[in-house]
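*Asks:* Spelled out from the first residue to the last, the chains are:
2 protein chains.
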Amino acid sequence: MIRTTFDELSTLLATILQKEGMDQTQAITCAAIFAENTRDGVASHGVNRFVRFINQIRDGVIDIQALPVRVGGFEAFEQWDGGHGAGPLNALAAVDRAMELARTYGMGTVALRNTTHWMRGATYGWHAASLGYPCICWTNTTANMPPWGTATNVIGNNPIVFAIPGQPQPFVLDMALSQFSYGKLETLRRNGDQLPYAGGFDRLGNLTTDPTEILTTKRMLPVGMWKGSGLSIMLDLFASSLSGGSPTVSIPTSEPNVSQLFITFHAGQDAQERQARREMVDSAIRAMQELCSITGEHFPFPGEGTLRRRNQSDEDGIYVHPEVYQGILELMGSRHSFAPELRQNSHIPT
Amino acid sequence: MIRTTFDELSTLLATILQKEGMDQTQAITCAAIFAENTRDGVASHGVNRFVRFINQIRDGVIDIQALPVRVGGFEAFEQWDGGHGAGPLNALAAVDRAMELARTYGMGTVALRNTTHWMRGATYGWHAASLGYPCICWTNTTANMPPWGTATNVIGNNPIVFAIPGQPQPFVLDMALSQFSYGKLETLRRNGDQLPYAGGFDRLGNLTTDPTEILTTKRMLPVGMWKGSGLSIMLDLFASSLSGGSPTVSIPTSEPNVSQLFITFHAGQDAQERQARREMVDSAIRAMQELCSITGEHFPFPGEGTLRRRNQSDEDGIYVHPEVYQGILELMGSRHSFAPELRQNSHIPT
Numbered sequence: 001m002i003r004t005t006f007d008e009l010s011t012l013l014a015t016i017l018q019k020e021g022m023d024q025t026q027a028i029t030c031a032a033i034f035a036e037n038t039r040d041g042v043a044s045h046g047v048n049r050f051v052r053f054i055n056q057i058r059d060g061v062i063d064i065q066a067l068p069v070r071v072g073g074f075e076a077f078e079q080w081d082g083g084h085g086a087g088p089l090n091a092l093a094a095v096d097r098a099m100e101l102a103r104t105y106g107m108g109t110v111a112l113r114n115t116t117h118w119m120r121g122a123t124y125g126w127h128a129a130s131l132g133y134p135c136i137c138w139t140n141t142t143a144n145m146p147p148w149g150t151a152t153n154v155i156g157n158n159p160i161v162f163a164i165p166g167q168p169q170p171f172v173l174d175m176a177l178s179q180f181s182y183g184k185l186e187t188l189r190r191n192g193d194q195l196p197y198a199g200g201f202d203r204l205g206n207l208t209t210d211p212t213e214i215l216t217t218k219r220m221l222p223v224g225m226w227k228g229s230g231l232s233i234m235l236d237l238f239a240s241s242l243s244g245g246s247p248t249v250s251i252p253t254s255e256p257n258v259s260q261l262f263i264t265f266h267a268g269q270d271a272q273e274r275q276a277r278r279e280m281v282d283s284a285i286r287a288m289q290e291l292c293s294i295t296g297e298h299f300p301f302p303g304e305g306t307l308r309r310r311n312q313s314d315e316d317g318i319y320v321h322p323e324v325y326q327g328i329l330e331l332m333g334s335r336h337s338f339a340p341e342l343r344q345n346s347h348i349p350t
Numbered sequence: 351m352i353r354t355t356f357d358e359l360s361t362l363l364a365t366i367l368q369k370e371g372m373d374q375t376q377a378i379t380c381a382a383i384f385a386e387n388t389r390d391g392v393a394s395h396g397v398n399r400f401v402r403f404i405n406q407i408r409d410g411v412i413d414i415q416a417l418p419v420r421v422g423g424f425e426a427f428e429q430w431d432g433g434h435g436a437g438p439l440n441a442l443a444a445v446d447r448a449m450e451l452a453r454t455y456g457m458g459t460v461a462l463r464n465t466t467h468w469m470r471g472a473t474y475g476w477h478a479a480s481l482g483y484p485c486i487c488w489t490n491t492t493a494n495m496p497p498w499g500t501a502t503n504v505i506g507n508n509p510i511v512f513a514i515p516g517q518p519q520p521f522v523l524d525m526a527l528s529q530f531s532y533g534k535l536e537t538l539r540r541n542g543d544q545l546p547y548a549g550g551f552d553r554l555g556n557l558t559t560d561p562t563e564i565l566t567t568k569r570m571l572p573v574g575m576w577k578g579s580g581l582s583i584m585l586d587l588f589a590s591s592l593s594g595g596s597p598t599v600s601i602p603t604s605e606p607n608v609s610q611l612f613i614t615f616h617a618g619q620d621a622q623e624r625q626a627r628r629e630m631v632d633s634a635i636r637a638m639q640e641l642c643s644i645t646g647e648h649f650p651f652p653g654e655g656t657l658r659r660r661n662q663s664d665e666d667g668i669y670v671h672p673e674v675y676q677g678i679l680e681l682m683g684s685r686h687s688f689a690p691e692l693r694q695n696s697h698i699p700t
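If you're matching them up, the sequences are chains A and B in order. Using this note's numbering, you'd call the opening residue of the first sequence number 1 and step up by one each time. Using this note's numbering, you'd call the opening residue of the second sequence number 351 and step up by one each time.
Treat the hints with care, since some could be wrong.
[What the hints assert, rightly or not] A partial selection of chain A residues facing chain B, derived with a Cβ cut-off under 8 Å:
id : residue
1  : E20
2  : E75
3  : L237
4  : M280
[Said to hold, decoys possible] Simulated crosslink set (DSBU-like; lysine-lysine; CA at most 35 Å straight-line):
id : chain 1 : residue 1 : chain 2 : residue 2
5  : A       : K218      : B       : K534
6  : B       : K534      : B       : K568
7  : A       : K184      : A       : K19
8  : A       : K184      : B       : K369
9  : A       : K218      : B       : K369
10 : A       : K218      : A       : K184
11 : B       : K369      : B       : K534
Hints listed in this document are in silico derivations from the structure and should not be mistaken for laboratory results. Glycine included, C-beta positions come from ideal geometry on N, C-alpha and C.
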């Protein structure tokens with residue numbers, strides 16, 4: 001594996017984004033999101049997806065000149081059109097706007113249409129909750145799952161995020177509605193591993209733990225079978241109709257036109273009240289931890305794994321698969337001359 | 351089975367509620383909710399739970415004199431205290447208030463604390479969506495599930511509802527975060543049936559399909575294993591901290607103090623715009639139905655089973671288990687003289 005640092009990685013990615021024509025400030029923000037996702041252990045929506053992101057810019061799927069525009073809604077609820085701009089930047093703008101609305105109205109929602117893949121949904125949850133706002137957001141996706149009881153892919157795995165401020169850090173859940181995410185399937189296939197539980201259907205229509213089979217049939221198992229299937233349908237209907245955007249059935253696999261919903265709260269009129277709520281959250285988590293610890297069990301709080309990986313990356317550096325790293329470097333080489341200083345800065349252990 | 355009609359059943363239940371001291375208008379509304387839940391095929395949260403509901407009134411768990419009171423929030427977001435009043439009436443008042451807020455602010459949320467069991471969550475989703483409001487609502491519950499990886503019940507199965515207006519009828523999803531609901535487990539045990547898939551853990555800690563085992567250990571399987579486990583935690587943190595109420599770990603099994611969140615939207619400033627959204631929802635559903643029908647498959651839309659049962663009940667009458675029916679009649683007998691005309695009206699086929 002290639003070991004790099006957050007600063008080194010985000011500088012590299014920002015350089016590439018700027019060379020593709022992205023505005024400098026936006027490139028720095030966008031690169032930081034890809035680097036953060038990698039640092040937090042979600043390389044599938046970080047470095048591992050960066051080459052595809054750049055290719056989608058080059059192919060015109062993502063329009064990095066586009067800025068989101070308000071197109072409807074009133075008071076606490078607004079509709080925005082993402083203009084097929086960079087998904088991470090559109091999503092960040094949308095959640096920022098939702099928080100602005102929440103400061104005025106106690107809560108706020110931005111329904112965003114015609115945007116592109118937001119990479120890791122948790123990014124926007126951590127962002128909002130770190131600033132003190134409970135946040136719920138989700139995206140629809142291309143049709144990548146069969147509804148329960150069918151073999152036809154007409155629903156999406158529509159990741160949903162819940163994030164809430166706590167002490168000292170927020171609690172964040174980021175879950176796709178397939179039992180496993182495509183990113184996870186791809187990582188396991190890359191490593192030659194099997195899934196720990198059935199995660200989809202093979203070519204014969206049987207449940208399987210083989211990521212390669214599932215990536216071939218593209219028939220993933222919805223979380224909780226009929227329940228996640230129904231939830232996926234509802235998240236799609238809410239995001240697409242509230243934003244006036246495209247539902248899953250009308251989204252090509254390149255996902256140039258997904259719909260997203262960002263709901264934030266500003267519960268409590270003063271800082272003291274909001275601090276009290278934060279303490280309620282923390283005390284509920286602590287109570288559950290203590291009850292589990294009686295029998296020596298560990299209570300897993302949402303976001304715990306992310307924090308562990310984040311701290312580890314801060315200490316040890318960020319590891320990137322050599323092929324992935326090479327692919328990213330080639331993005332510069334394919335148009336521009338190599339930047340040898342970037343290669344020299346990368347330590348190569350293991 | 352005892353066959354009855356909606357009017358007959360709701361009149362019987364309203365009579366009992368009034369004799370317990372409930373205000374006439376409230377008794378009629380509350381009885382209608384229990385009758386509707388039974389008509390819609392959810393007897394577990396209808397007639398089958400009515401005796402327990404009355405006993406909780408008599409035991410002081412539910413205070414039928416209490417009315418919900420606004421205690422905080424601002425603009426589009428309000429906090430209410432349910433005063434341990436009748437759960438179905440509190441929930442109805444809360445979703446009605448959320449819709450009032452949505453008319454003014456484009457969306458509205460009521461966070462309700464210190465309320466009692468709302469029976470079937472879908473009631474409030476159908477209500478809001480039938481009036482034209484997309485609605486998301488959920489409740490926390492007593493600790494009735496172990497978080498994934500533990501055997502200690504510290505999380506709830508926290509049912510969540512998504513409802514959205516469509517053509518001609520709303521689309522409604524109502525799902526508890528256990529793979530099966532307690533109501534379902536009780537119905538299967540009553541009928542001597544097994545679960546179709548593993549739904550919890552037996553006394554040895556193994557996954558099982560036996561409802562009696564799960565009702566004994568009270569260790570239910572979260573939807574999608576670690577995913578539903580995390581989602582349950584987040585729904586609890588949101589509902590309890592935003593309402594200023596009790597989290598799952600502080601809720602006794604009689605559930606006198608659950609917390610609920612009701613989020614509604616009034617997307618579109620005029621009727622024409624809202625109608626356009628309704629058509630988008632309908633057209634997305636139709637597109638998924640058509641794609642599935644190519645291979646002869648049936649696309650199951652959220653709320654389809656409910657509608658089927660509702661229509662069937664409207665045609666055939668509502669069926670009530672004889673023991674359940676007898677128990678309800680005895681509620682009158684235990685304090686008041688029998689109402690023989692109610693018995694004569696009940697046909698007894700099968």
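*Asks:* Take the hints in turn and mark each one as holding or not.
*Replies:* Now the hints, each set against the structure:
1. E20: For E20 (chain A), the interface hint is violated, since the closest Cβ of chain B sits about 34 Å away, which is over 8 Å.
2. E75: holds, 4 Å
3. L237: Holds. Min distance 5 Å.
4. M280: holds, 5 Å
5. A:K218 to B:K534: holds, 32 Å
6. B:K534 to B:K568: holds, 14 Å
7. A:K184 to A:K19: Measuring from Cα to Cα gives roughly 30 Å; hence the hint holds.
8. A:K184 to B:K369: violated, 59 Å
9. A:K218 to B:K369: violated, 59 Å
10. A:K218 to A:K184: Satisfied, since the Cα-Cα distance of roughly 14 Å is no more than 35 Å.
11. B:K369 to B:K534: Status holds; Cα separation ~30 Å.
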